[in-house]
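Peer 1: The lines below spell out each chain.
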Amino acid sequence: MARYFVTRMLQAGITLWLVTVLVFVLVRLSGDPIQLLVSPEATTAEIELVRQNYGLDGPWLDQYVTFLTGALQGDFGSSIRFKEPAMELVLERLPATIKLAAAGMALTIGFGLTVGVISGLRPSGFVDRVGSMIALLGQAVPAFWLAIMLILVFSVQLGWFPTSGYGGFMHMILPAIALSHFSTAALMRLSRSAILDVTGSDYVRLAHLKGVHPFRVATRHVLRNAAIPIVTLASVQLIGMLNGAIVTETIFAWPGVGRLMIDSVNARDFPVIQAGVFVTAVMFIAGNLIVDFTYALLDPRIRY
Amino acid sequence: MAIEETILVPPRTSRNYVLMAREVFRGVPIPALLFLVLILVVGMAAPWVAPHDPRAGDLARSLLPPVWSAEGTWTYPLGTDQQGRDILSRLIAGARVSLLVGFTAVGVSGSIGLLLALVAGFYGGWADAVVGRLIDVMLALPFLLIALVLATILEPGVRTVIIVLGLTGWATYARILRGEVLRIRSQDYLKLARVGGCSTTRILFKYITPNLTNTFVVLASLQLGVTILSEATLSFLGIGVRAPEAAWGLMLSEGRQYITFAWWLVVLPGVAIVLTVLSINMLGDWLRVRLDPRLRQVG
Chain A
1 MARYFVTRML QAGITLWLVT VLVFVLVRLS GDPIQLLVSP EATTAEIELV
51 RQNYGLDGPW LDQYVTFLTG ALQGDFGSSI RFKEPAMELV LERLPATIKL
101 AAAGMALTIG FGLTVGVISG LRPSGFVDRV GSMIALLGQA VPAFWLAIML
151 ILVFSVQLGW FPTSGYGGFM HMILPAIALS HFSTAALMRL SRSAILDVTG
201 SDYVRLAHLK GVHPFRVATR HVLRNAAIPI VTLASVQLIG MLNGAIVTET
251 IFAWPGVGRL MIDSVNARDF PVIQAGVFVT AVMFIAGNLI VDFTYALLDP
301 RIRY
Chain Z
1 MAIEETILVP PRTSRNYVLM AREVFRGVPI PALLFLVLIL VVGMAAPWVA
51 PHDPRAGDLA RSLLPPVWSA EGTWTYPLGT DQQGRDILSR LIAGARVSLL
101 VGFTAVGVSG SIGLLLALVA GFYGGWADAV VGRLIDVMLA LPFLLIALVL
151 ATILEPGVRT VIIVLGLTGW ATYARILRGE VLRIRSQDYL KLARVGGCST
201 TRILFKYITP NLTNTFVVLA SLQLGVTILS EATLSFLGIG VRAPEAAWGL
251 MLSEGRQYIT FAWWLVVLPG VAIVLTVLSI NMLGDWLRVR LDPRLRQVG
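Chains as they are written, first to last, in my numbering: chain A, 1 to 304; chain Z, 1 to 299.
These are calculated hints, taken from the structure and not from any lab test.
Computed from a predicted model, the values in this text were never measured in an experiment.
Every clue listed holds true.
Using C-beta positions, here's what the derived DEER-type ranges look like:
1. 182/Z to 82/A: 44 to 54 Å
2. 199/Z to 82/A: 56 to 66 Å
3. 154/Z to 206/A: 55 to 65 Å
4. 106/A to 199/Z: 52 to 62 Å
5. 73/A to 258/Z: 48 to 58 Å
6. 290/A to 71/Z: 56 to 66 Å
7. 88/A to 198/Z: 54 to 64 Å
8. 290/Z to 122/A: 18 to 28 Å
Far from chain Z, by Cβ distances over 10 Å, these chain A residues were calculated:
9. 4
10. 47
11. 63
12. 65
13. 84
14. 110
For each residue, glycine too, the CB sits at the ideal point set by N, CA and C.
Let the sequences and hints guide you as you build the complete structure.
Peer 2: Now the structure itself:
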């Protein structure tokens, strides 16, 4: 058991390190930031001075070592656009993104899981028929188009919700729907098939034969055993939410990390991109690790 | 004699082909298949079937509504956009882009994923550990972020979109096919092949790869829809296909500011995306049931 935990921790560490390498290389390939830092009339000597100040002189390896030592202390340098610490900028925006992701997850689990479980327990029933159609559609609609359609119908035509911006509960509903529709559809389909898998098994049939109350069979026998694939997918959805956050936050002018990243990429603001990707990757890797450990503790059959 | 012949060699009538076709296509979602065939034909023949030049605008006829509204005309059946370009022609040109990007990107990412899966699954040990970490890294990063950074390095356009989607989409194939390779590797016929003196290349491509075909086809069909959605997203964010070319995602981003008074600009391209991806997904589901019932949990 201890061995398993240590191995997984090490693997997670390596993954995170590879993420830093990948981000560093990609970002350096995308162009020389020095042009954005100096005025067009700057002399060569001035350019060199700025280069030194930002640690942009010297070979890539040196730059990477500097970057990594800083990163380990949470220091990603200063934003080229805002002249503020990059990490602080990302962390400032994080609550808005988490708030939106939490609302999206609530919709995914509340709607997707409920409909999926009912569909699995009552295949070809009313909920299953309607749910399957919604799930099929949900996986074919791009998030940005759904967002535009929601704005067109509910904000422009009906005037029920604000078109965009950050604010109270009403501001959150449309972005949360646009953000979560894909994972809702995926979770619906997966939980349905996970439940169907279990309901066909011998021990469930035996439980029915013994005369166990159907509700107890559903909660005690079926749901418990179908939980693992469902929990896995739900945790993987986090990355989908962060992906979607870029699009959703752009359309709804939501001041989160996703929008910060798009603006930073356009402005070639390297320190912010690096900090943002790092934070995103840490959250995802940590999330996966927690899920894996929880399984190992809950289900003695699981060993990799 | 005559009787024997009829038994041994059944007559090759057209009826047999009908029966065969029926068996192959049993349970296929017909509307999805028909729509996809239509999109394929129209997309491939785009320059010849489009009624107008998708890039030529005329401000004198800008923002004409579709034919079924009061001011619509049959010359521009689905209306025109802000620059007076024919929407129908642009949708057809967009179909071409979506299919081109979809199929090539799926081909690229599928090949990368297959090769990595073969290496990881067959050699195991170090190779497996390295590929495993690579897969983790790809799955730990939002693909859009990598796409954004890549798009700033490369020149925007169809080629860049294909490269970006090809380089970011392989992790799903690698993960699932690796498991399949592991399963196949332990089978007896592979041990026999090795005892029989087959070379590694022969074992990899003659004995293992053919057995991955079903899984691969199912995965690719499911990824095709995702890839087309991703292409639309990239073009929408302005890092994919650029104006004056036509792509569904680009049309949506251009039409967005006219949302209050020209609904067809934002509705029609979206409907095209949804119907195409929906048809592909429905056919993918059908293929999955036909070819590989074990793959239920993918997607």
